[in-house]
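**Q** Sequence:
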Amino acid sequence: MAVPKRRTSKAKKNARRTHKKLKTPNISIDALTGAYHRSHYISTDGTYKGRQVLEKE
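Read in the working numbering, the sequence shown has 42 at position 42, and its numbers run on one by one without any break.
Check the hints yourself; a few may be wrong.
[Said to hold, decoys possible] Derived BS3-like pairs: lysine-lysine, alpha-carbon spacing no greater than 25 Å straight-line: (1) LYS23 with LYS10; (2) LYS23 with LYS12; (3) LYS13 with LYS23; (4) LYS23 with LYS49; (5) LYS21 with LYS5; (6) LYS21 with LYS10.
Hints were generated in silico from the structure; no laboratory data involved.
Please model the complete structure; the sequences and the hints are all you need to start from.
**A** Quick look at the structure:
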């Protein structure tokens, strides 16, 4: 069975874990309405890239 020869230091352990974090979502402003929305997502009024994609009921 493989057993580590030396104990992993706190610095090595934390350096290995630096990329494990949450990223902030990319937020852009809609050109037509001026509302904030996530990139590559449909806005709340059903538009995407300036054209109507979904009909509101």
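**Q** Check whether the Cα positions of LYS23 and LYS10 lie no farther apart than 25 Å.
**A** holds, 24 Å
**Q** Given the hinted pair LYS21 and LYS5, is their alpha-carbon gap at most 25 Å?
**A** violated, 29 Å
**Q** For LYS23 and LYS12, compute the direct alpha-carbon distance and say whether it is at most 25 Å.
**A** holds, 22 Å
**Q** Checking one constraint from the list: CA of LYS13 to CA of LYS23, max 25 Å. Satisfied?
**A** Holds, at about 21 Å.
**Q** Check whether the Cα positions of LYS21 and LYS10 lie no farther apart than 25 Å.
**A** holds, 18 Å
**Q** Next pair to validate is LYS23 with LYS49; report whether the Cα-Cα distance is within 25 Å.
**A** Cα-Cα ~24 Å, so holds.
Checked against the numbered hints listed earlier, the structure breaks hint 5 alone; every other hint is satisfied.
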